[in-house]
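Enquirer: Residue numbers (the numbering used here), protein chains in the order written: chain A, 122 to 472; chain B, 33 to 419.
Calculated from the structure, these hints are not laboratory results. This list has only true hints and no planted wrong ones.
With a straight-line cut-off of 30 Å between C-alpha atoms, the simulated DSSO-like cross-links for lysine-lysine are:
#	chain 1	residue 1	chain 2	residue 2
1	B	Lys170	B	Lys150
2	B	Lys75	B	Lys46
3	B	Lys175	A	Lys272
4	B	Lys175	B	Lys150
5	A	Lys341	A	Lys427
6	A	Lys427	A	Lys295
7	B	Lys199	B	Lys150
8	B	Lys150	A	Lys266
9	B	Lys170	A	Lys270
10	B	Lys150	A	Lys272
11	B	Lys254	B	Lys317
12	B	Lys170	B	Lys309
13	B	Lys317	B	Lys150
14	B	Lys175	A	Lys270
15	A	Lys349	A	Lys427
16	A	Lys295	A	Lys341
17	B	Lys199	B	Lys175
18	B	Lys317	B	Lys199
19	A	Lys272	B	Lys170
20	A	Lys270	B	Lys150
21	B	Lys309	B	Lys199
Chain B is nowhere near these chain A residues, computed Cβ spacing over 12 Å in every case:
#	residue
22	Pro238
23	Lys266
24	Ile276
25	Arg298
26	Lys349
27	Ser429
Note that the coordinates shown come from a computational prediction; the quantities given were computed from them, not determined experimentally. Where is the CB? At the ideal position from N, CA and C, for every residue including glycine.
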Amino acid sequence: MAEIKEFRLQCPTPLNDGDYVQLAHGGGGRRMHELLEGLLLPSFSNDILLQRHDGATFSIGGTRLAFTTDSYVVRPLFFPGGDIGTLAINGTVNDLAMCGARPLYLSSALILEEGLPMETLRRIVESMRSSAELAEVQLVTGDTKVVDKGKGDGIFINTAGIGVVEGDVSISPKNVRPGDAILLSGDIGRHGIAIMATREGLSFESAIESDCAPLWEPVKALLGAGVKIHCLRDLTRGGLSSGLIEIAEASGTRNAIQEVFIPVREEVVGACEILGLDPLYLANEGRFIAFVPQPEAERAIEILRKFSVSSEAVCIGRVLDGPAGLVTMKTQLGTERLVDMLSGEQLPRIC
Amino acid sequence: MKYVEEYRDAAAAKQYVAAIARIVTRPWTIMEICGGQTHAIVKYGIDELLPRQITLAHGPGCPVCVTSVELIDKALRIAAQQNVIFCSFGDMLRVPGSTIPTSPNAGPGGTGDLFSVKAAGGDVRIVYSPMDAVQIAKQNPDKQVVFFAVGFETTAPANAMSVYHAKQSGLTNYSVLVSHVLVPPAMEAILSSPTNCVQGFLAAGHVCTVMGYTEYYPIAAKYRVPIVVTGFEPLDLLQGIYMCVLQLEQGRCEVENQYGRAVRREGNVPAQDLVAKVFRVVDRKWRGIGGIPRSGLGLADDYAQFDAETRFGVSQYTAQEDPECISGLIMQGARRPEQCSAYGSRCTSDHPLGAPMVSSEGACAAYYRYRRLRTEAGAPVEGGNRG
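Start from the sequences, fold in the hints, and give me the full structure.
Expert: In structure tokens:
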């Protein structure tokens, strides 16, 4: 390779990241993690925050509580299978459930844009009411602000939630052990495609509905049956890949999965093919992964399959020793590849 | 799924791999032209299934990667202007511009990427089709709407249609920043290089859907290389490789079509006619490779008023490729991504230094995404229990 000599094998100085927040900083990928690690975690560092879980768990007067918050800025406000109201309740309920906590009380802060049709607000509030009822949580406090027209996107919702952790439940990435089975509660990618299709006016032969749903019931059943759950994670932004990578990094293990076991609906596969997207990175709002000791995997799957929200639960892989922080996938063809975390959101390709 | 899962069948793939192993008797280097093919090869590990004698070289067929840094800079400058709505396919938004603008009028907007311009207040929008950009122009008569018309022959018809439609509807606020490139001149540039190591090609299936494959006959004859029009699924690629190896072993150099379910010999003639009406063949600078004569498309004289470069006065702007980047060698198949000293350290998908690391179809991005830490991740994967 003599021709190489004339080239200096050295690349230019890295680009400055820029002085502005970019959408990728909220995309659930590497950029968001950089923001967390670089600014937010160091600023508020404490033992509870550093649990790095979906919610914080702590004890007050001998009672273990879980506490979490989330903001909902989805556009469009209404999509097949749900709306911003169902998301605002289920998202926070699910973060509590992932701590192994029974969701109890929620707060809700509404930021409304001047000019939002009152009928739209009514529909969203009704969705929140019925979702809260279904998830058996009470909305006990709240706040409402209105901003000038053009300063908001119709409506933004923040909810926070408190739940109680009962018994000697300990669910955390640090409990994940080599040999654990990795269970997935159902098919992936429907929420991401439902949102994208509505947002961009893409229509498919059959409407793809979001999987938005509360997840406490199946988790409660697992705990009630005495399944030793090591860790849970709901798969929202960043999808299955981000969930697996975050846990591999936090637990210092390697998550090894098999592509053929991951359920993806045919219409989601089709939409991904058209748009050049990978289902592993698509958002979900009613799916989770569970890490349980291998001997308990079969029983856990049986329990999960009794609930409609997790009726397609399946084991997708195993936790291995290392290298730490890695997720690898055996492809359909039997080769093995890395599953990487994206920088920000997936971008539709050119052709 | 119909027409997808069938082409990813593991048992059929094994049969093809075995068939290739049976016919190969010596080392061969085959180049897949298209970035979509590169991505599928690395994603599915197809090159690892093949006999050792076969080397796959990754070609220049990623439109994001080969768009010259000069054009990226021009896009950044136009997008940063007030009163402009800049529309692009998603992939282009993360491509970094130059760090060293050399023209005397270089000003703000010469560095960063389109996402940075958007974060700083520019109206940059991702569209799925250039016709969406035409629609935005109709809805915003007081704004200038610019579409970044990149791509090979595959995207040229839709981009041509947008300009044709804009002219038909008398739109004066729509223009295109054109950076179209053509496959055959790039193949000739690779084949005529003194350091060429490519002995056979997998031609890009989607390009041929539009163009057909008769334009490859003279190349196959002149350079005595087999050219197999190939699709993008694992079985397409394995079949294409099989056909190419068979030709090499038999000493043939013909143009064959593996992708018959999508490609006809003559291609899509109405699409070709539209492209010929709106565009004309021009010289084009390829990022990392340099200028190749008659290797691109620019607007034809009748449609020159839709040229964003003229409209925004950036046609004279020049920028220099960083001489230290080896993306040119990577896109000619002379180097592999991991042979770059910056790969995976100073150059990652979060902080790309060169275009092949940015695009989902770029060779560096594919290696980084699927193969990083390969040597550390050798243990077998267990799992299953699907009931």
